Amino acid sequence: MIRFAVVSGKGGTGKTVVTGAIAQICIRSRVMVDCDVDAANLELLLNPQILERKDFYGMEAACIDPGICTACGICSDACRFDAISMVNGTFSVDPGRCEGCRVCRLVCPSGAVSMQPRIVGEIFYSQTSYGNLVHARLAPGAANSGLLVSDIKKMALSRNNDCDLMLIDGPPGIGCPLIATITGTDHVMVVTEPSVLGLHDLERVVRVSRSLRTQVSVVINKSDLNSRISGEIRDYCRKKELVFRGEIPYDEAVMEAVRMGRPVTEYDVPASEAIRCIWDNISQELW
Amino acid sequence: MIITVASGKGGTGKSMVAANLAWSLAASDPVTLVDCDVEEPNLHLFFPEARAVVTPVTIMVPDVDPDRCTLCGDCARFCAFGALVAAKDRVLFFPEHCHSCGGCTIACPVGAIAEIPRPIGTVTERAITTSFRLVTGTLNEGEVLAVKVIQKAKDAAGSAAWVILDASPGTSCPVVETLQGSDVCILVTESTPFGLHDLALAYDVTSQMGIPSGVVINRSDGKDEAALRFCKEKKIPVLAVIPFERKIAEIQGSGDLISRRDPVWKERFRAIGGACRALWEGA
Amino acid sequence: MRICIPSKGPEPGDLVDERFGRAPYYVIFDAESGTTESYKNPAAEGMGGVGPRAAQFLLDKNVQVLVTARIGGNALGALKAGGITILLYDQAGSTVRDAIAAYKSGGLKEQ
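Protein chains in written order, with our numbering: chain A, 128 to 414; chain B, 5 to 287; chain C, 1263 to 1373.
Derived by calculation from the structure, the hints in this document are not laboratory data.
Nothing here was measured: the structure is a model prediction, and the numbers come from that model.
Glycine residues also receive a C-beta, built at the ideal position from the N, C-alpha and C atoms.
Take these hints with a grain of salt, some might be off.
To be verified - Below are the BS3-like pairs computed for lysine-lysine, each with C-alpha atoms no more than 30 Å apart in a straight line: (1) B:92 / C:1342; (2) C:1270 / A:281; (3) B:92 / C:1366; (4) C:1270 / C:1342; (5) C:1323 / C:1342; (6) C:1366 / C:1323.
What the hints assert, rightly or not - Beta-carbon label-pair distances, calculated as ranges: (7) A:254 / B:76: 49 to 57 Å; (8) B:264 / A:388: 33 to 41 Å; (9) C:1367 / B:100: 33 to 41 Å; (10) A:351 / B:119: 48 to 56 Å; (11) A:414 / C:1367: 49 to 57 Å; (12) A:254 / B:264: 46 to 54 Å; (13) A:254 / B:114: 35 to 43 Å; (14) C:1345 / B:67: 21 to 29 Å; (15) A:291 / B:115: 56 to 64 Å.
Using the sequences provided together with the hints, build the complete structure.
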């Protein structure tokens, strides 16, 4: 199985559109994973039927038993995350702020604090006409850890390990979730855009990808919006010996396809042609 | 007044809106623009000439006194984050795991643990003009405590007639931290199903937090019915619709601001500021 | 000598788990007495810092040798500082019993 991740550095460059297109045009057996758990959008293009749902647990949260609490306030003073305050005469933990450190339980003289499981997300296992899709949703305010990303990749692998391709829609940025996405992949394709912000973040995500020793290639989306910066990106790729896979022109049809909830490659438009070319190029090397 | 610019989805143009809004309002009022996207701050890219003053952000982390430590391991067994291990001859500390809760210092039965500061990021201040300051929070690569850096950046911002916070995309912990204490939130979206799907998630958060919100539809191709319908149903004011234009994409893409180049845009962004004030006063 | 084998279940017939930090169980084989003890891994379900916490668990249980296929950097550092020898054992589909036999044969290499 080849593990192929599509990332971007900066958000909004068109990762999900490109990933959805590859899901549609790829001829090999594949499983899709949407690792952008904070804003999971791949499902809007693949029309999934949810087969299974699973709760995802985060750090346990502290819970104060009002029947035991003597309102001494020692826990509130010790909490460094402003999570404990007085409510109706006793102290109470705000699970949204609770970090799960357990200091309150340590200092409570009355044994009023217990740690309780906390659900911070949901994992979905779905089928689509292109293959299975594993996706997830992280609850608002949750810490955006890489663990949820790791779990959904594992689920995809264990249930589809006879597939030729694991196609991963990655999150923006270079934090924990991005690192968890790229870890263990064979190939990372960065979809960037011709802007100062795009190039800035391209450099960062390439650096992280290379430190995790995965193959990296670059694609410029909406390349004709700023040909000067597209040129700078191509120069950057040359200088850093990065494989430059191609350019996708800005195409209004993309927005239309997204509105229709379909991968853009179902339509015979310039963006589709460019994506097909890029994928043909890559798949020859992958297999 | 404090305005946070946020969005459910990345790449909708939060930074573009925040920077243009700040620049336009600074023509007549003191403005502080705060980059709270501390993992990937980028607002400074719009103001490359400004001189930067950098202050480190530190958190308190354990320092074990080897002479007092008995290697009992209580600190390691207490730590919920796996930042401490009591090995055969010393206690090991894994700094990236430490959440600075202070618990190990309390758990140690012999008082062998003190706390010392450890840098995890920076707050950078730039005076762009006499009435316009940019404060940038930056989290060092590999660190996880974005919230601490955001808090320090907001502290450094102080107060001004307008404090504009650029949040990171999404609805995770750092975004909620940025939103805390804001008077108004501008939710930037694009008129696609992606944008709308993520706008709904973001609006859930701001409404639960009780922060009056308005929407800016960016890169509009004129087919915004779904987004407009959503806003009408939820009674969210649409503060502006910014059309997709290659000219705008080129100017913003090259690191400039449309409000810096075109007085018409400056007026439009000032009007967004006015609409925020009206939203806040009406709430 | 006490040897730890990360596993998917508590019994000697259960499958080995290739990952040290997130294995659901640790089976500890005592070479002197020939007996085994099993423990649920307290660090397994954690959000983060799993490697160091699992390492501390082994140190607390007075383990001298760990037999595993995969171990992360932090856990590796912690175990080595604790004087624990880490032996590489990477045979997919093997049981705890198989791993103990491999250890006894003396053919495993140190990581």
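Tested hints:
1. For a cut-off of 30 Å, the pair hint linking residue 92 (chain B) to residue 1342 (chain C) stands: about 10 Å separates their Cα positions.
2. Between the alpha carbons of residue 1270 (chain C) and residue 281 (chain A) the distance comes to roughly 15 Å, so the proposed pair stays at or under 30 Å and holds.
3. Of the supplied pair hints, the one linking residue 92 (chain B) and residue 1366 (chain C) holds, its CA atoms being roughly 25 Å apart against a limit of 30 Å.
4. Straight-line distance between C-alpha atoms of residue 1270 (chain C) and residue 1342 (chain C) comes to about 24 Å, which keeps the hinted pair within the 30 Å bound.
5. Restraint check: the Cα-Cα separation between residue 1323 (chain C) and residue 1342 (chain C) comes to about 15 Å, which is no more than 30 Å; the hinted pair holds.
6. Among the hinted pairs, residue 1366 (chain C) with residue 1323 (chain C) is consistent with the structure: their alpha-carbon atoms are about 21 Å apart, no more than 30 Å.
7. With their beta carbons about 53 Å apart, residue 254 (chain A) and residue 76 (chain B) fall inside the hinted range of 49 to 57 Å.
8. Between residue 264 (chain B) and residue 388 (chain A) the CB atoms are about 38 Å apart, so this pair conforms to the stated range of 33 to 41 Å.
9. Taken as a hint, the range 33 to 41 Å holds for the pair residue 1367 (chain C) and residue 100 (chain B), whose Cβ atoms sit roughly 39 Å apart.
10. Between residue 351 (chain A) and residue 119 (chain B) the Cβ separation comes to about 55 Å, which falls inside the hinted range of 48 to 56 Å.
11. Range check, residue 414 (chain A) to residue 1367 (chain C): Cβ separation about 39 Å, and the 49 to 57 Å hint is violated.
12. The given range of 46 to 54 Å is respected by residue 254 (chain A) and residue 264 (chain B), whose C-beta atoms sit roughly 50 Å from each other.
13. As the Cβ distance of residue 254 (chain A) to residue 114 (chain B) is approximately 58 Å, the hint placing it in 35 to 43 Å is violated.
14. About 24 Å separates the C-beta atoms of residue 1345 (chain C) and residue 67 (chain B), a value consistent with the hinted range of 21 to 29 Å.
15. The hint said 56 to 64 Å for the Cβ distance between residue 291 (chain A) and residue 115 (chain B), and at roughly 59 Å that hint holds.
Checked against the numbered hints given earlier, this structure breaks hints 11, 13; the rest are met.
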